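Participant: Top line first, the protein sequences correspond to chains A and B.
FYI, the numbering for the first sequence is 185 to 565, going by the numbering used here.
FYI, the numbering for the second sequence is -16 to 326, going by the numbering used here.
Treat the hints as calculated values from the structure; they're not laboratory data.
No experiment lies behind these values; they were computed from the predicted model shown.
Mixed in with the good hints, there may be bad ones.
[Said to hold, decoys possible] Calculated lysine to any residue pairs in the SDA-like style (CA-CA distance at most 20 Å, straight line): (1) A/K276 / B/G17; (2) A/K276 / B/S18; (3) A/K447 / A/K552; (4) A/K384 / A/A420; (5) A/K400 / A/L381; (6) A/K211 / B/F143.
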Amino acid sequence: MINILAVGFAAVLAASAPAFAQRAPIKVGTIFPLSGGAGPDGQSVTNGVKLALEQINEAGGLLGRKLVLISKDDESTPAVGVSRANELIAEKVDVAIEGWNSPVTLAMQPILARAGVLDITAVSKADLILAGQSNPLAIRINSSNGFDAAVIAKYVAETLKAKKVAFLTQNDAYGNGFQSTVEAEFKKLNFAGEVVLTEKFAFRDTDFRVQLTNIKAANPDAVIVTSASNSSGLPATIEQYRQADIKAPFVGAVGIMLPTVFKIAGDANNGVVSADIYFWNLPPFATIPENVSFVAAYKKAHGVEPDKSAALGAAALQVWARAVEATRSLDRKTVAEAIRGKSIKGTLFGDATFLPNGQLQPRYVVFKVVDGKNAKFEALQ
Amino acid sequence: MTDSLPHRPLSMLRAVVVAALIGVAFFLPQLFGGSSVAYSTLTTIALFAVMCYGVDVVLSYLGEVSLGHTVFWAIGGYVAALMSVHLGVNGWVTALATIGLSVAAATFLGLVTLRTREFVFSLVTYAAAVVTHEIAFNWDAVGGSDGTVGIPALKLPLGFFTYVGGTQEELWPIAFALLLLTLFFVARFRRSRLGTTALMVHMNPALATSLGVDQRRVRLAVFVISAPITALAGWLYAYQRAYVGPDMFEAYFLVMMLTAVVLVGRRILLGPLLGTAVLIIQQNLLSLGGDWNKVILGFVLAAVLIFWPAGLMGLVDHMRQRWLRKTRTNGRENKRSYMEEVQ
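So here's chain B without its partners, still in its complex pose (with noise of 0.2 Å):
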């Protein structure tokens, strides 16, 4: 009891803090001139970094790179678009239907690389994304090339009243809700028995076998809760477009899942977000053309992963130790802690 006592207040001005925070959030597209633009602009980048979310987890607790989420990505989107155009079910029942079916695609595609690790398992997850991307793009029955339109608006009925996001500003509070949604999980694995032990499995494989603990079990759940997040980020991003094709496998959408994990730094709450945040900014704001954009975007990922790998974060924590070396004199404590925390 009188242990907590001190603690209380930190955490309560810590609660008061972080909602402080999402509130202002909720408003920034106000904040930023409230034009259709902010919206859309807003919207997009947290549909995004939800998508981002889901190769966070892998790649972060799992230490392995998932070239397959767009098979989730799209799952969300398919089955947004032809449920609700084929069937005019609402937007609770396409969500439903797409948390399920990627949990069954994910366990799936987890079961059969359970034993492939690192560049094998990288290759299986490709050969799935190109594989389904082919099926989607010659299958009449999901659309075809021309994949389907006419996609009707979100409608989420709510008891006493139906919630419709048609317009970016309608969506921008449920594409907010479901980032929200994603952060409190993330949150809440990376704390959880199942993140820790993932984490443990990720860097010391030896001692987690010396536990007892079934690493393709821990391997599998995992893999399998991280696709419902990305595929719930294509359901959402199938109603803000009113059009699903079979470009939603796409390198576009691969290349943003992993550049935006990468360049804050893996194992940082918000880094996925800020990333993409940066990616999006960059291309719609302070585009310098196509061919440009993909240029730059190449070299800084490069740069990233071979001077830093730890990603932008480390960069920082890089500079604070050097500036800490410099006005401390035990400099290579400091050193090998940089080292430690780079690995």
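This is chain A alone, in the form it adopts within the complex (with noise of 0.2 Å):
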């Protein structure tokens, strides 16, 4: 359906404009989440890839040729992104950005890889996305856990300079991988500190109270929680961490803080200290060019201000399309080759800078909550 009305409004724009219609159009395939649970996030990052794309249309096009946009649903499931990214083979697309869930993105990236298709992962954080082995020139937006775990790290260990630490975890490989990578980051900083206490919950758990007891009793100067569970876990960790009264700041992983949080727990959230990668209205982001010009056009379109999704979704076309217009071309090998270790300028980050993995490098915002009812905060350091 998608296809078919993105086909139609290409060829009522080729006929309407003469400069596009002497060239076929460059094709750019996206496949996330647009139903069920992870639904609404798909939908953002898709919003963000498709706004990023019309205002490529609007200056000109790429190469001269115009972008169309050709969005597909992986319902979350891997199997179906399978299918989804078959279809996008068969569409011929250009480029395909994929990926809110890592096992998703695993199970499709050997099929593009097989098929040629250029491959940029905007979302996806898992680390073997980047391993190699199913894509060797995978380029990734999102940040990685390593990083978001040395930010924490350094936080923690420089600028709270606490002493005793107490880990809240999420008990899977997202939450266990954090925490050992924080540990990890403790050690490489010589952190003068211990960690006193580690408590584990599972994901779909809703009552904390008995780690909460424990981590009190222990006295910890910084209790740092990891959880992905953000329309009931990690509120209802907030709500029951100011019932039992911990002094402790509660410092939450990287990109845990999502409007869901903020509607359910409300004011509970103030002094939650945490860390993000992209802010529409802060330093360094609220005075880039780019940023401010795709948060009026996304404002307009949507009526809110973008999330961090929405960016990840734009900067990932942004940084494909800087590329092939450097490369003037749109060969896979090519143009990946032009992101990965290299720098791009113009995109809504700024200059992204990639590591030789194809890992973007990300800028951090380190803020706290100030006002948790109307989802505010001010930026630390």
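Hints are included, so try docking the two chains, each in its own frame, into the full complex.
Facilitator: Following this line, the structure appears as structure tokens:
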């Protein structure tokens, strides 16, 4: 349905704009969850890609050609994602921007790589995505767990100067992986303090009072909380943390303070410290011209300011488009090599610098919540 | 001698027709345009159909709903993934290991569930799937929640040369061969002593007991032979996707297995294949979006189970009987025969 609309839309535009009509459009494919629990998030990323794409078209297109978007829904299911990846391959897209859930990305990567389609992962965070086994030319926009852990470890060790640290960790690959990386970073920083307690919970848990009682008894200087359950478990943790009257700062892992947490836990969020890689109105982003124009266009189109998901989608498209422009090529290898290990100017993240393994070097903003009900916070540092 | 003579041309004709249909089926991807989507869709249909036949054998001939066949499906996937990535062995070795391990797992699960029937059987098999899922999800040695990446192309050494299944086009002949083998196996099973005895145990346990049939042995045997069918589908799926993770335990596959079997009707040789084809084609080519697909799938499944428990073939039969009743006068007899078929 969306394909037909996109093609029809392109046909109408091509007919009315003779400059575009001369050459076939460049096809951009996206695969994100558009239905189910992660549907709103995936739609947000897709909207970001779409808006950045429209901005490029308005400025005259790419290599003199128009961009068209082909958007697919992976339903958060790896098997469905694979089918959608095959569909994009059949449509002969020039780039695929994908990935909200790591397993879905890991399943799609080899399919796209074998077909020679350039693949940019916007959000999925698993380390395996950049390991090179399934896609030797992988590129990722969202921050990696390693960087996330480093910024949290640095804040706790150097800014808070904590002596006793407690962990409240989600018991799965995400939570345990994050904790062990934070501990490794502590070692690198020659952290003088110690980890006094580790409490674990399951992703679906909503009652954390036993763990919080133990934490209170251990009397730590900082509590590092890792939780991916932003619509139930995490807001419950924050409320119960306040009820338990724990005085130590609540330090949330990177990227967990999403709008649902503010909506549910409200003012209990006040004082929570966390970090993230994009805020439309905080420095350094507030002064980047590409970001300013993107925020204005996004607000006009959707009535709200863009969140991190939308920014990641837009950045993925911008990075790819700048690299295509610079190399004047759509070849997978040529474009990927112009991104991996290089710096790309003119994105909404400013100058986007990529590591040799394809990971975008993130810029963190460490923040403290000051008005939880209205999701207002101030940047620290 | 003289009795069998008139049948001969007929069975010859039948064999020729079947062979011709198989030949045409093999070239279906080309008939649908030969694009990579045609190949990948048909390979996926063949593969998922094989997966469903394992459940079909248990559901159609024991009358039990196994919710644990995702375990065998995942065994195939994990064996192929882990052995080919860490040991670098070829496809024959991983296939043999898949068969061995799935038979062992099915024997264990079969013995555990030997005394259970219906609801309890479903519940215990489901519990087995949940437990195995948790283990696979949390055990780093098998990939944990991230799974295993970098599965190499399927290699099948055939003595003088090695068949390599890397692309969808190369995997299609293997998926097709596996489907044919499965159909042949299930067709033989239906006519075998075990198949007919299993049906008797399912339909008329009292009769089976009076004939001295050891019901537990029959149930165990059927459950055990069903496992490698589903497991081999998982084995090939690992090579097709080049990634195996705990999502192989997800409801997506379980729902696919059960729906494909009941949609067309039980005890119909091509039923699961047609059911799988309908489901995959709807998802891939006539999709209404993730949420609506699930709503419609649930609605269709509920409608079929409530109104036509014998599946879509039951509905076709029902229509035919109605039509016959209209044209004939003795409607009562026909109605009764329909009721018998439904039950």
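Participant: Does each hint hold? Answer for all of them.
Facilitator: A quick look at each hint next to the structure:
1. A/K276 / B/G17: At roughly 15 Å apart (the allowed maximum being 20 Å), B/G17 and A/K276 satisfy the hint.
2. A/K276 / B/S18: holds, 11 Å
3. A/K447 / A/K552: Distance ~17 Å between A/K447 and A/K552 Cα, so the pair holds.
4. A/K384 / A/A420: holds, 15 Å
5. A/K400 / A/L381: holds, 10 Å
6. A/K211 / B/F143: violated, 44 Å
Violated hint: 6 only; the structure is consistent with all others.
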